[in-house]
Amino acid sequence: MLQELSLNVLDIVSNSIRAGANLIEITVEVDRERDSLTIEINDNGCGMTKEQLAMVEDPFYTTRTTRKIGLGVPFFKMAALGTGGSFHISSAPKAGTKVSASFILSHIDRMPLGDINSTIHTLITMNTQIDFVYTYKFDNKQFVLDTRQFREILGDIPLDNPEVSAYIKEYLEENKNGTDDGYQI
Amino acid sequence: MKSLEELKAIREKMQGQIGLRSESSEKTRVVVGMATCGIASGARPVLNALSDAVQSKGLSNVQVTMTGCIGLCQYEPIVEVFEPGKDKVTYVKMTPEKALEVVDQHLIRGQVVSKYTIAEVLG
Ligand SMILES: Nc1ncnc2c1ncn2[C@@H]1O[C@H](COP(=O)(O)OP(=O)(O)OP(=O)(O)O)[C@@H](O)[C@H]1O
Ligand SMILES: [Mg+2]
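So the sequences go chain by chain: A and B.
Residue numbers for the first sequence follow this note's numbering, so the first one is 1 and each next one is one higher.
Residue numbers for the second sequence follow this note's numbering, so the first one is 1001 and each next one is one higher.
No lab work stands behind these hints, which were simulated from the structure alone.
Think of the CB as a built atom: it goes at the ideal place given N, C-alpha and C, for glycine as much as any other residue.
It is possible that some hints are incorrect.
What the hints assert, rightly or not - With the C-beta cut set under 7 Å, the calculated list includes, among others, these residues of chain B facing chain A:
(1) K1002
(2) K1008
(3) I1010
(4) I1039
(5) S1041
(6) K1057
(7) L1059
(8) T1065
(9) L1122
As the list claims (entries may be wrong) - Computed footprint of chain A on chain B, listed as stretches where at least three residues anywhere in the stretch have a Cβ under 8 Å from a Cβ of chain A:
(10) 1031–1037
(11) 1066–1080
(12) 1094–1106
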């Protein structure tokens, strides 16, 4: 198991990157009234066939060649089901893949979300060829970071330029705090 | 809250600056394995330490990136250094502290930190 859910997000998005996606949407939604935390990752990568999809939640399924078992998806699924939540993947060849996990927010076994800003910042600055749309919702507030919008402003200045990278870090911090007032999730 | 105006200001400041995008073929690439095995054994703090140090020390010829499973799960976190024209160096069982040594010794002074390399650790 991974120590915090933000690491699962990093891991699940690595699958999307390996699948050749160039647009990845990540949504984190906290709803205290419904006592839920939902994480969704949507990519436009190569997708999976019905047969592959049927096997992907099983650790003994992997298309990697460096190791015989795949752990990313089973870990994320266990983390969600362990709280009485739910887990779902849908995928189609060429169309892409959508992974969604719901957690009972107050469940004692729910892993903390942890440093989600670090995950998003790392993904954006280490994969500058990919566009990310990150949506963070907290009760009835939300903010969105869309790298396509950043790129439009930046022209040919890359997202991993040090000043841009620092800007993205602060953008995430300030907007997250403005959305959840620093509530520990 | 952070506005997009600030991003526009960054762009305006940078425009006209030359040498902003150096040729990637001349760059040293530092690659951190970030598959499940890497992440579980602490690759994220290693990656963050590397990219922060490379930025704060202004090593503009070094690019830090992430990759999937390198295939040596029991030696994660793994960091590979690719320098143009040189053999790949593989560092294993890395920590943020060891990573900073690699930045100072290897990336800045050009001296491989042998004690953390896979060759040394495997014996
Ligand atoms: N977003 C995706 N698009 C296409 N295929 C996917 C996607 N996510 C998972 N898969 C397929 O499912 C397999 C299992 O994924 P999982 O993350 O569980 O393990 P892995 O990535 O193979 O290895 P690990 O995550 O343990 O490093 C992958 O090898 C890949 O073939
Ligand atoms: Mg995986």
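Hints, one by one, checked against the model:
The interface hint given for B/K1002 holds, since its Cβ lies 4 Å from the closest Cβ of chain A, which is under the 7 Å cut-off. Hint status for B/K1008: holds, given a least beta-carbon distance of 6 Å to chain A, under 7 Å. Taken as an interface hint, B/I1010 checks out: its beta carbon lies about 5 Å from the nearest beta carbon of chain A, inside 7 Å. Against a cut-off of 7 Å between C-beta atoms, the interface hint on B/I1039 holds, since the closest Cβ of chain A lies about 5 Å away.
Violation of the interface hint for B/S1041 is found here, the shortest Cβ-Cβ separation to chain A being roughly 10 Å, above the 7 Å cut-off. Interface hint status for B/K1057: violated, as the beta-carbon distance to the closest one in chain A is roughly 11 Å, over 7 Å. The closest approach between the C-beta of B/L1059 and any C-beta of chain A is roughly 10 Å, which is over the 7 Å cut-off, so the hint fails. With its C-beta approaching chain A no nearer than about 5 Å, B/T1065 sits inside the 7 Å limit, and its interface hint holds.
The interface hint given for B/L1122 is violated, since its Cβ lies 17 Å from the closest Cβ of chain A, which is over the 7 Å cut-off. Three residues within the 8 Å Cβ limit are the bar, and the stretch 1031–1037 of chain B against chain A gives 4, so the coverage statement holds. Interface restraint, the stretch 1066–1080 of chain B with chain A: holds (6 residues with C-beta to C-beta distance below 8 Å; minimum three). Taking a C-beta to C-beta cut-off of 8 Å, the stretch 1094–1106 of chain B contributes 0 residues in contact with chain A, too few for the three needed, and the coverage statement is violated.
When held up to the earlier numbered hints, the structure conflicts with 5, 6, 7, 9, 12 and fits the remainder.
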